[in-house]
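Here is how the chains run, residue by residue.
Protein chains: 4
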Amino acid sequence: MSRNSFGEVFRITTWGESHGKAIGVIIDGCPSGLPLQVEEIDHELELRSPGKTPWTSPRKEPDKVEILSGVFEGMTTGTPISLIIWNRDAQSSAYDSLREVLRPGHANYTYLSKYGVFDFRGGGRASGRETACRVAAGAIAKKILAHYNIKLVAYLSQVGNIAAPKTIINNLSIEQLRKHSRQSAIFCPDVPTEKAICQHIESIMQEGDSLGGIVEAIATNLPVGLGEPVYHKLDAMIANAMMSLPASKGFEIGEGFKAATMRGSAHNDSFIFEKGNIKTKTDHAGGVLGGITTGMPLNIRVAFKPPSSINQTQETVDLQGNKLQLELPAKSRHDPCIAIRAVPVVESMLALVLVDVLLMNRMTRL
Amino acid sequence: MSRNSFGEVFRITTWGESHGKAIGVIIDGCPSGLPLQVEEIDHELELRSPGKTPWTSPRKEPDKVEILSGVFEGMTTGTPISLIIWNRDAQSSAYDSLREVLRPGHANYTYLSKYGVFDFRGGGRASGRETACRVAAGAIAKKILAHYNIKLVAYLSQVGNIAAPKTIINNLSIEQLRKHSRQSAIFCPDVPTEKAICQHIESIMQEGDSLGGIVEAIATNLPVGLGEPVYHKLDAMIANAMMSLPASKGFEIGEGFKAATMRGSAHNDSFIFEKGNIKTKTDHAGGVLGGITTGMPLNIRVAFKPPSSINQTQETVDLQGNKLQLELPAKSRHDPCIAIRAVPVVESMLALVLVDVLLMNRMTRL
Amino acid sequence: MSRNSFGEVFRITTWGESHGKAIGVIIDGCPSGLPLQVEEIDHELELRSPGKTPWTSPRKEPDKVEILSGVFEGMTTGTPISLIIWNRDAQSSAYDSLREVLRPGHANYTYLSKYGVFDFRGGGRASGRETACRVAAGAIAKKILAHYNIKLVAYLSQVGNIAAPKTIINNLSIEQLRKHSRQSAIFCPDVPTEKAICQHIESIMQEGDSLGGIVEAIATNLPVGLGEPVYHKLDAMIANAMMSLPASKGFEIGEGFKAATMRGSAHNDSFIFEKGNIKTKTDHAGGVLGGITTGMPLNIRVAFKPPSSINQTQETVDLQGNKLQLELPAKSRHDPCIAIRAVPVVESMLALVLVDVLLMNRMTRL
Amino acid sequence: MSRNSFGEVFRITTWGESHGKAIGVIIDGCPSGLPLQVEEIDHELELRSPGKTPWTSPRKEPDKVEILSGVFEGMTTGTPISLIIWNRDAQSSAYDSLREVLRPGHANYTYLSKYGVFDFRGGGRASGRETACRVAAGAIAKKILAHYNIKLVAYLSQVGNIAAPKTIINNLSIEQLRKHSRQSAIFCPDVPTEKAICQHIESIMQEGDSLGGIVEAIATNLPVGLGEPVYHKLDAMIANAMMSLPASKGFEIGEGFKAATMRGSAHNDSFIFEKGNIKTKTDHAGGVLGGITTGMPLNIRVAFKPPSSINQTQETVDLQGNKLQLELPAKSRHDPCIAIRAVPVVESMLALVLVDVLLMNRMTRL
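Chains as they are written, first to last, in my numbering: chain A, 1 to 366; chain B, 1 to 366; chain C, 1 to 366; chain D, 1 to 366.
Keep in mind that the hints are not guaranteed to be accurate.
As the list makes no split between identical chains, a pair holds if one copy fits it or if it spans any two.
Calculated lysine to aspartate or glutamate pairs in the EDC-like style (CA-CA distance at most 20 Å, straight line) [to be verified]:
id, residue 1, residue 2
1, Lys-258, Asp-283
2, Lys-281, Asp-96
3, Lys-21, Glu-66
4, Lys-281, Asp-318
5, Lys-179, Glu-40
6, Lys-281, Glu-66
7, Lys-179, Glu-66
8, Lys-21, Asp-42
9, Lys-151, Asp-96
10, Lys-323, Glu-73
11, Lys-323, Asp-96
12, Lys-21, Asp-96
13, Lys-21, Glu-73
14, Lys-195, Glu-100
15, Lys-279, Asp-318
16, Lys-275, Asp-318
17, Lys-151, Glu-40
18, Lys-258, Asp-209
19, Lys-21, Glu-327
20, Lys-275, Glu-315
21, Lys-151, Asp-283
22, Lys-21, Glu-274
23, Lys-279, Glu-39
24, Lys-323, Asp-283
25, Lys-279, Glu-100
To be clear, the hints were calculated from the coordinates, so they are not data collected in a lab.
Okay, chain A solo, but in the shape it has when bound (with noise of 0.2 Å):
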């Protein structure tokens, strides 16, 4: 049972709270032989780092990794790589009212009502803040699928109603949305929509109130093959990775819910003959069939519910029943929309998702 891993054959495990000492991730199944330095990994976590613009969390954390195991001489051994975050700015006094006020959106009571002990301090265990953990390991992935020259990115598409146009976004290269992306503080490669969302951001929040958004991620250079049908498909084992991340509440890949609408003359993608390759003519599937590779470009989308924590006054009652009126304490820092920070989580998960497949399809053919 894998309650806190992820992952068949590199394999994560995550552990540490909001406001404990520390977090941090094992990763068990990294293949030797890699080159890797903690400042690669602290530049990757850097991209999640809350305080750096007026859209996020002003909680300040340098979030510094330190790598403990696995690593001799700057390169990996084959042995578990122990990564350690300490905790450095977490205010936990300011919650200290809330233990048993069940709050409106969060996992305090179902937490409180599984366990019945529940580290309630800045979410605990069920803080967005374990996804550091996850960003970490991911730096480590990333280097492996550079290493065998897959690229990826995540970006943000879609901000309450506004959304980056398709008809931009599909012109973009791979290598275009990655660097448009990441010059934008807002992870969003289209200049008109991250002033536009910038703009909405900074409106609810004067509202005190937050807002949901769509992360979409793309996958190039994908060898054929990669997906282990029929309960470890490629999509599966990327659904499971994106819904086990806080605030998430659905997922597609292709042309997602819409091809519920399509018709198969339209859906269907044509195979063709191209430079040696066999591709398809288009991509409505999103670059799986049958839960495999197809070497065409993997493209999903997930969807974040806007953040819970809202300086609003809210109805809500404590564990015992009684009503309450729920304000958060004017020095609690939550974000706007979580959907922004989320941007380099789904990059990681993704990417972790894709070392899986990787290192199981070596084990395919005699």
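Put chains B, C and D on the given structure of chain A with help from the hints.
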């Protein structure tokens, strides 16, 4: 590793190809002491049987299951339950000419590329026929859920652009949803919608085309506390289950993608105290917070693409890259809309996940 | 969780009770492209068949396997291989009177206590009959090992106090060991020992008693590097495999318990360089250092207890605690020394572990 | 896959190299509600600490554990427990010259061959130091067993040819065994045997040599029904656990290898009814039938080879095959008999397995 297994503690392993001798499933981890008759499984299997209506594939298989182990004197024993379904109506020769023709939307290209060998007859392992095994195992899972008084139902909510109105669906109790959808030849709980869909399918069939659709499922009376964060959250496991189904392209829980367009103040479900129980006033979350059941109704949606097998000439290539005009043999049989027959499969997969987390939850507390 | 599954990447799942309709095994993770004929499996199954000699149980089952999936046109496809063996010669009525009698040395007490329900006929799931499935799966594993030119053999080395002399065994090549043990009705590679053992068994049978024994196994030509520290070391996995066999009570690798009496200076194997390869002068370690193969011969020993079913009156109680004199029905059939028929099972389990680590090792390096 | 994880539902994952920054363990699946203080773990760790007596390695590490997650206000929360032990007394330079020298009996050859990279300092991942993590996790497992009133103890029963007399050991209660062995600097419950062993070790140390030994363990008050046939039988899981320990070469349960020399009439344990409970008159089986506990005392034995690091000149080669005379640096520190310090490790591994099956057994019945 568990390529062909699903579930952590209530674990199924399926095997078999569409046109092989038989297909089957092992259920390992079924608690002892459950009364079980073969007819109860056959009854569920019948729901997904083809050939019953003009709107599904005319392949006719009685799909009678045989219980080979794990049941003694009508009672489960705690040892593996082996179920087998013999393939009787497989017309393999119909596909002989298609051995190396890459069929648009089909998995024969990816299987051939991955494994080098492919039992292409009738889709082989990639065929939807494998889902009969999921339904057979699901029948046992449903009996366990019923024992604990948990209710669930899946139904067809949309085909193409014809959707059952939310206002109607939301006013039906789970018992009504079950009754109405089981009375419908296409599992659609609303009669006018059902009629419109059937007409639409008929007209599309005359064009030799196919249609996508959406299946919804609901479970009620769930105890609070099911689901294992952070990588086996209930929603992550359900997403995994649903995206492992052939032809599924999207998954939502609660508000799903709509949540991306909502504000926190609107999406947050207020906690209330009612008849001695903690509930939420609304259920935008879909019954899950932090990956753990809240006790509110669980609701999910799964999008299915239109079937790839259509009675139209399609352009494609063979494995060597030679251009071809693909025309399926007149004898070949396929569903105009797989979402219909996916209904009992979605219900079964949901049942399998729920039993799994129900058993896992027994280990939570000292 | 994997109660009835064994192996990480070459994974078997067995099912079936001794006197049920059938027994069987799913092999998930067999690489594609392996030529496989049903006769090859039947051939291995015949080795553990009862009823061939006076020294084993007279139950007569042809034990013909049927391949139900995973093989297409004589070649493995990479999908699950389902093997079934029908139970033909089950004389269940012979055991009817023993339903709740606690048979000394038998598992009916523990199964009844654990599960509340027990298919007691012929030992049910606890019967040695389950090992036929291991041998069937092992036949495929052996073909894979042969493909990589790895050799292995198991043989009977001791029954009661009669043991094949080490000096003789150690002078035989693995080919000779295989040839001589396969020529022996009891898998004993030394003819004088074989004769002494057979005589001993005959005399003990006349007393209605049974005998324990020791099975040894050797594998050669193993590549250096197989085994996954620190919890899936090769020796740990083999020990797991062997101790999961019915009636096994002890496991040794290399010097085994004798190592406890040795000094480091005597036990250490010096490294040498021979014909371009690194080897060790001696092989006290038994082919493994730190849980990883050294390339030297792997050698193990497994101790089996005397069968519990004896033709003598035994004192016992029933499930209600009532005292009883247990006398097995005259019709009941049992082995006087299970170590004999365990020989092909030990060989099969070793093959299964070796294929597993062979495939796992493919993921070690970048 | 679980290279560095052990246990199905009470699952540990260890990480860290002997001379890296730290070592540690994640416990995933510890039930919530267990009171836990760091001192309780430190107390157990002290048992396996080196440097306490002349008969163990003089490496001196306080081995204080830090609890980084999973415990809140002195209580386990059901989330992963992360334990870290910093490496303080690592004298890596002592080994610099040995980087590519193949040390007889050591794992550096196999690690280098498998991974290409090896953190050779102090044995790296292959070092016995990893077992400190098992003891730390075992401390928590023991608390759970104590909660359910299950008792267990491991002790040293033999070093070289000096063994504690069975007649004496068998007459001690589990409480006496625990008391006497904990009072002994070498965990030997019999004082005359203890003295003889200590003298023997001293004389061997003067020759620069090392000694093997045997550790025994007993658990009592176990409920009937623990263990999951047929591949996670309790004895198979314990064997797996013990053979994953560095330097272990053999495993026995009950009569072990002696069972091979016994007759069924002597080995069978008769069932009796005593004070309302079903028991067996004798316990040749060692507390397990069919891989499931009988409720009788569980008893096992593990053989350890003599440590490979000896203060004698040894012949060997380097990785290039060049002949060498290996002399360990005077500064290097090693145990003359690792079986001594293995005692608390064996006890911990047994505790881990028992908690695992205890929790798994909760899922047996409807």
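* Violations among the numbered hints -> 2, 6, 7, 9, 10, 14, 19, 22 and 23
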